[in-house]
Amino acid sequence: MGSVLINVPKRAKRGDVIEIKTLMSHIMETGFRHTATGELIPRDIITSFSCRYNGEEIFRADLFPAISANPFISFFTTATETGTLEFSWIGDRGFSETATASITIE
Amino acid sequence: MKAGRTIAGVLLLLAICVPLLAAEIPADQRRSGFSFMGPDTQAIQNDDTANPGMLWVLDGEALWKRKAGAAGKSCADCHDDDSMRGVAARYPAFDEALARPVNLEQRINLCRANRQQAPPFAFESRELLALTAFVAKQSHGMPIEADADPQLAPFVAKGRELFLQRQGQLNLACANCHDDNWDKRLAGSAITQGHPTGYPMYRLEWQSLGSLQRRLRACIFGIRAQPYDYGAQELVELELYLKSRARGMPVETPAVRP
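Which chain is which? The protein sequence lines are P and V, in order. Heads up: the first sequence is residues -2 to 103, going by my numbering. Heads up: the second sequence is residues 10 to 267, going by my numbering.
Calculated from the structure, these hints are not laboratory results. On a predicted model such as this, the values are computed, not experimentally measured, just so you know. Check before you lean on any hint, since a few could be wrong.
Unchecked claim - To give an idea of the chain P side of the interface with chain V (calculated C-beta under 8 Å), a few residues: (1) S0; (2) L2; (3) S22; (4) S65; (5) N67; (6) F69; (7) T79.
We put the CB at the ideal spot given by N, CA and C, even for glycine.
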C-alpha cells in the first residue's frame, strides 16, 4: 500500500507565493539496522523527490537515510499560471510513485 | 555534601515507598497528551495533510471497500458510509457471544472471521491499524463513553486494579506516574496523564502508527515487567479502565505524539 497526501491551494492569484505540502508513505529503512539474528536490514529509502509545474521543474530534493519514515516535504513557489503540478518520488528497490494536483489562477 | 545527597536519596525512597494515594485526577484537571506537546508537534496533528496518521486512514478507506474472504464481501457491503461514526468512542465494548469486552481491533477481526470468513489480521499489521484508524477517525471530536454498558463494570474494576498494581523490577504501578506525577518530567519527557484519546496514533518515536496495546506494552516493558501478549484480556481491561478514566474527552484519532 502506498498512500500520498498532497496539499496545493486550489485557487491562487497570479504572483501569489503558495505553500505546497506533500506527505509520502514510506518506511525509510536506513540500512544501518540489524535484525535480532544479526543480519543487516538492507537500505530501502526514497532517494529523490521532484515537482514540475506545467512541465517545468520547480523543486528537487535528494533524500538520505537520516530522513524520517513517511517524509513530509513542504516548499514554496510563485503561482504563475493555471495548470498541473506533477510530483515524483524515486527510491531504492525500484520505488517510484507519482501524484498530480491542479491549480487555477484567477 | 555527601550527607545532603544521602538525605535526598532517603527522601526520594520515601517518596517512592509512600503507599499509593490512588487519587484520581479531578475532571477539571484532565488533559489530553496533546496539551503536553510542543507547538510544532501539535501543528502536525492538526493539519490533515501533514499528519502521517492520515496515510493509514487513506489505506483503511481502500481496505474498507475491498472484498475479502470466502463470503466475498467488503466492510462497505454491510456498513453504510457514515455508520461507524461514534463507534470508536464506545470501544472496548461488551461482546455477548464471548461474554467479555473486545477492543476495536478485535471487533474488526471478529467481523472478518464471522462475516467475511477471512483470516484475521495480525495485531499491529498495517492492514489492521489502517482499518482501525479509518473507523476511529469517524469519531474524531466525539466524547469518549466506553464504559456506559453496565455489563462492563466488573471488567472496568479489574482494569483499575491492574492500573493500581505495582509490578516489574521497578515496582511501579501505572498510577505512580500517570495519577501522581503527571505534572512532572521523566528524563526530559513530559509524564502525561495517560488518556487514550487518539489511538491508533502516530508516534514520532515509532515512525509509524501504533495501537494502544503497543503503547501499554512499551510502558510495561519500561517498568521492567513481562508485557502481556497482544489481545490479552488484561490489556483489554486496562484499555477499558483508561477509556472510563478519560470519559467525556474528545477522540483525536489519528493523534500524533512524540
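Violating hint indices (sorted, rising): 7
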